[in-house]
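What follows is each chain in one-letter form.
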Amino acid sequence: MALTVSYFAWVRERMGIADEVIDPPADVATVADLVEWLARRDERGALAFAEPGRIRAAVGGAMAGPDAVIGDEVALFPPVTGG
Amino acid sequence: MALTVSYFAWVRERMGIADEVIDPPADVATVADLVEWLARRDERGALAFAEPGRIRAAVGGAMAGPDAVIGDEVALFPPVTGG
Amino acid sequence: MIRVAVQTGAIDVAAELDIHDAGGHGASASFIGRVRGDDDLIELFLEHHRVLTEAGLAELAHAAADRWALAALTLIHRVGGMAPGETIVLVLASSAHRAEALAATEFLIDRLKTDVMFWKRETFADGRVAWVEPRDGDQGRAERWD
Amino acid sequence: MIRVAVQTGAIDVAAELDIHDAGGHGASASFIGRVRGDDDLIELFLEHHRVLTEAGLAELAHAAADRWALAALTLIHRVGGMAPGETIVLVLASSAHRAEALAATEFLIDRLKTDVMFWKRETFADGRVAWVEPRDGDQGRAERWD
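Residue numbers (my numbering), protein chains in the order written: chain R, 1 to 83; chain B, 1 to 83; chain D, 1 to 146; chain U, 1 to 146.
Only chain R is shown next, with the shape it has when bound in the complex (with noise of 0.2 angstroms):
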């Protein structure tokens, strides 16, 4: 199935590129599991979640824990520093 992913901040500095769509195995069922895969990839994922604790996400337009379900778009991305 289609996923589009974007990355924000280093994620997307290591990654190369601000987004993607990819189809990933049926068993990427969760962000935990995206990040996972990701990082087992290829050498930028490999870089870009070396340290799965320090990455955030979105799901579907709302922000979602490592355990969310992805649908069809999630983003990727550092703690944020706003403000």
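Possibly wrong hints are sitting among the right ones.
[Claimed, not checked] What follows is a list of derived Cβ distance ranges for each label pair:
1. U/HIS97 x R/ALA50: 21 to 29 angstroms
2. U/GLY137 x B/ALA46: 32 to 40 angstroms
3. D/ASP146 x R/ALA18: 49 to 57 angstroms
4. R/ARG54 x D/GLU133: 50 to 58 angstroms
Calculated from the structure, these hints are not laboratory results.
None of these values were measured; they are calculated from a predicted model.
In this text, a Cβ means the ideal position worked out from N, Cα and C, and glycines have one as well.
With chain R held as given, fit chains B, D and U onto it using these hints.
Below, chains B, D and U alone, put in the same frame as chain R:
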């Protein structure tokens, strides 16, 4: 001993004057004594100081409680309502 | 920089912000109190003490500066007659980080309401005139900082 | 009136105060966050999400409006590159009385720092570039409002 007393807000209005120099008896030693003496002195004092618990004071430029010893300058007023 | 003033003229908030911000501080908090036109109020008159009121503001400002690391502090209170919508009081506090600026602002407005010599008198459209009584809770809010 | 914006242009604090104050509220509190020029910082860049950031601000604003009786609320965040001294964020909250305006302002800036999609990148005079890490304590301050 000459004592300058100034009045503010509704205390001033009820006393009919903003300040006066008075010479209370020697046993008027504290703010509470002064308030009690003024309440007994005349009708406007009885009106202004009918409720001593609602009167605040400054002695020599600093906020002072009812037991504060009066010097040569006392201000008497209702609780403040600025801000 | 501490700036304290008691004035009869209108408080120019934008101008005061400019003066206050000249240093370019990281975090600035403010509080603006205005005359509310409740119950057909037509004038709010602020009485003060010619000497002790400004001294009280200065003392309060220094208490805040002793308590928090502030880059700048502005405390301006208007006196005399004013109309609904006009600014009565302006508090500005700046610091490198927000916690100090926010806490100092809240401290200053809370204490101002209980510790400094100002008295409010309201005049209403029907001619009624009344001195404002302290609000329930003001004393409690002020004492949180003891 | 709730006003929320994410903008690349400079935040005009005086103009925003005018818009916000059009109703003449009794109590207005504000918070202004500015770029600090610490450690020879020459640029602060704010990255954001094209859609979710503004949605996050709006959600936060409505959470404040649900929680306190607010007459007006303004929440403006700048994005893109900015220089030391420039305003990053402006929070304005007004109410009839001060407690609500002050609490809402503090809530909004605390939660903004943990809940909305902004990321700060610093560039220093020596060419070094670094993404800002969340400050210790920000999470704790935000959780006070849970």
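Hint by hint, here is what the structure shows:
no.: 1; hint: U/HIS97 x R/ALA50: 21 to 29 angstroms; verdict: 50 angstroms, violated
no.: 2; hint: U/GLY137 x B/ALA46: 32 to 40 angstroms; verdict: 58 angstroms, violated
no.: 3; hint: D/ASP146 x R/ALA18: 49 to 57 angstroms; verdict: 53 angstroms, holds
no.: 4; hint: R/ARG54 x D/GLU133: 50 to 58 angstroms; verdict: 55 angstroms, holds
Violated hints, listed in ascending order, are 1 and 2; each of the other numbered hints is respected by the structure.
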